[in-house]
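Participant: Sequence:
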Amino acid sequence: MDPKEINDKQFATKLIHFGQEIDRTTGASSVPIFQASTFHHFDLDNPPAHDYSRSGNPTREALESYIALLEGGTRGFAFASGMAAISTAFLLLSAGDHVIVTEDVYGGTYRLLTTVLNRLQIDSTFVDMTDFDQVRAALQPNTKAVFMETPSNPTLKITDIGLVTSWAKERGLLTMLDNTFMTPLRQRPIELGVDVVIHSATKFLSGHSDVLAGLIVTKDDSLGRRVKQLQNGLGTVLSAQESWLLMRGMKTLQVRMEASERGAAQLAEWLDAHPGIERVFYPGLAAHPGRDVHAKQSTSFGAVISFDAGSGERARRLMSRVKLPIVAVSLGAVESILSYPAMMSHAAMPRDVRLARGITDGLVRYSVGLEAPEDLIRDLEQALEE
1 MDPKEINDKQ
11 FATKLIHFGQ
21 EIDRTTGASS
31 VPIFQASTFH
41 HFDLDNPPAH
51 DYSRSGNPTR
61 EALESYIALL
71 EGGTRGFAFA
81 SGMAAISTAF
91 LLLSAGDHVI
101 VTEDVYGGTY
111 RLLTTVLNRL
121 QIDSTFVDMT
131 DFDQVRAALQ
141 PNTKAVFMET
151 PSNPTLKITD
161 IGLVTSWAKE
171 RGLLTMLDNT
181 FMTPLRQRPI
191 ELGVDVVIHS
201 ATKFLSGHSD
211 VLAGLIVTKD
221 DSLGRRVKQL
231 QNGLGTVLSA
241 QESWLLMRGM
251 KTLQVRMEAS
261 ERGAAQLAEW
271 LDAHPGIERV
281 FYPGLAAHPG
291 RDVHAKQSTS
301 FGAVISFDAG
311 SGERARRLMS
321 RVKLPIVAVS
331 LGAVESILSY
341 PAMMSHAAMP
351 RDVRLARGIT
361 DGLVRYSVGL
371 EAPEDLIRDL
381 EQALEE
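Residue 204 in UniProt numbering is what sits at position 204 of the sequence shown, and the numbering runs on without skipping anything.
Note that these hints are calculated values from the structure, not bench results. One or more of the hints may lead you astray.
No farther apart than 30 Å at their CA atoms in a straight line, the calculated lysine-lysine pairs in the BS3-like style are these [claimed, not checked]:
1) K144 x K323
2) K296 x K14
3) K4 x K14
4) K4 x K323
5) K9 x K251
6) K251 x K169
7) K144 x K14
8) K228 x K9
The following label-pair restraints were derived from C-beta to C-beta distances [stated by the list, open to error]:
9) F132 x R24: 24 to 34 Å
10) A372 x S37: 30 to 40 Å
11) S320 x Q266: 22 to 32 Å
12) Q35 x N7: 24 to 34 Å
13) K4 x R351: 50 to 60 Å
14) I33 x V329: 20 to 30 Å
Here the structure is a predicted model, which is why all the values come from computation and not from measurement. Note that CB positions come from ideal geometry on N, CA and C, so glycine has one too.
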């Protein structure tokens with residue numbers, strides 16, 4: 001099937017038929033794992049397409065073209081982790097540059113910006129991107145980029161992607177967006193003007209808690225060449241084995257997301273009505289302040305819910321009593337995962353900074369898996385009993 005035919009297909013079809021799903025040499029029904037570090041040069045005057053797996057591996061390149069197709073970008077790149085992808089994206093900037101960032105961003109991104117990139121003289125300003133006036137007010141003479149995370153992790157605040165990217169484009173700013181929570185199935189950042197889309201592919205794209213991976217997709221070839229240079233120079237590439245595992249997981253993305261989202265919607269409504277829960281953060285709830293913006297730019301409300309149990313003590317008691325979700329970092333898997341941001345994903349964020357961003361001691365994050373929603377609700381009910 002040629003590229004034009006593939007692009008004309010529905011997303012569910014693209015997940016299965018992405019151009020390299022059948023090995024052209026053997027007819028194998030999945031991409032072969034090229035477990036090789038180096039490649040023979042049959043003719044020194046005509047170098048082969050691959051010479052060293054850091055620079056390019058056929059299995060990884062199949063994955064990279066796969067995610068570029070799904071996101072609607074020009075080039076894709078696979079990295080050893082989500083943070084490796086995020087770090088590489090920020091290294092498109094140079095010493096003396098400034099970036100505007102979603103304030104309640106993932107803790108690892110916050111740590112990178114405040115303890116590593118600041119030492120390289122790449123400065124950042126964190127703003128509440130639900131308030132566009134704050135975004136505009138953060139502009140400095142040396143601002144070169146805007147980094148968005150929407151829905152944000154873990155308070156699920158919503159940034160108006162089109163509004164921010166349109167403003168940034170007028171000022172010649174690079175736009176980057178972490179699309180981990182929504183995936184290209186539900187949110188299309190490049191179509192909304194974003195230049196660089198990033199994923200922690202460990203999460204929903206993989207979906208099985210067995211792969212550590214990050215992905216980048218660029219809007220144009222020029223950015224793609226710059227990211228390729230960084231990927232090769234830094235060497236933070238994804239292995240062939242994990243590239244294959246990730247592709248296997250991605251094939252079932254749509255059916256997994258649909259099931260998890262149904263469960264999340266039921267769970268969020270139940271939590272919202274529960275007298276023992278102080279507040280629920282979920283874009284699908286009618287009272288969520290970013291609901292209309294999210295519905296405009298996404299096709300679903302996602303499978304992640306955060307809620308405030310009222311105190312750190314109540315949150316800890318809840319996590320000690322649940323029986324179905326695993327209590328762990330990460331999200332987006334077939335099994336439900338209950339996380340405690342204060343001590344897990346956002347432990348690197350100072351407490352006063354964390355609290356100012358609404359990440360309270362009582363906040364827990366629930367990534368809804370494929371279990372029956374009724375069982376998840378009964379489990380939470382017994383865990384919340386005094």
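Participant: All hints, please: hold or fail.
Facilitator: Cross-check of the supplied hints:
1. Among the hinted pairs, K144 with K323 is inconsistent with the structure: their alpha-carbon atoms are about 47 Å apart, more than 30 Å.
2. Taken as a hint, the K296 and K14 pair is honoured in the structure, with Cα atoms around 23 Å apart against an allowance of 30 Å.
3. Restraint check: the Cα-Cα separation between K4 and K14 comes to about 12 Å, which is no more than 30 Å; the hinted pair holds.
4. A threshold of 30 Å between alpha carbons decides the hint, and for K4 with K323 the separation of about 48 Å lies outside it, so the pair is violated.
5. Simply put, K9 and K251 have alpha-carbon atoms about 15 Å apart, close enough for the 30 Å limit, and the pair holds.
6. With a CA separation close to 34 Å, the supplied pair K251 and K169 exceeds the 30 Å bound.
7. A distance of roughly 34 Å separates the Cα atoms of K144 and K14; the hinted pair therefore is violated under the 30 Å criterion.
8. About 28 Å separates the Cα atoms of K228 and K9, which keeps this hinted pair within 30 Å; it holds.
9. Checked against the hint of 24 to 34 Å, the C-beta distance between F132 and R24 comes to roughly 49 Å, which is inconsistent with it.
10. The hinted range of 30 to 40 Å is not satisfied by A372 and S37, whose Cβ atoms lie roughly 45 Å apart.
11. S320 and Q266 have their C-beta atoms about 24 Å apart, which keeps the hinted 22 to 32 Å range intact.
12. Q35 and N7 have their C-beta atoms about 31 Å apart, which keeps the hinted 24 to 34 Å range intact.
13. Between K4 and R351 the Cβ separation comes to about 53 Å, which falls inside the hinted range of 50 to 60 Å.
14. For I33 and V329, the hinted distance range of 20 to 30 Å is satisfied, since their beta carbons lie about 28 Å from each other.
Violation of the numbered hints given earlier is confined to hints 1, 4, 6, 7, 9, 10; the remaining hints are satisfied by the structure.
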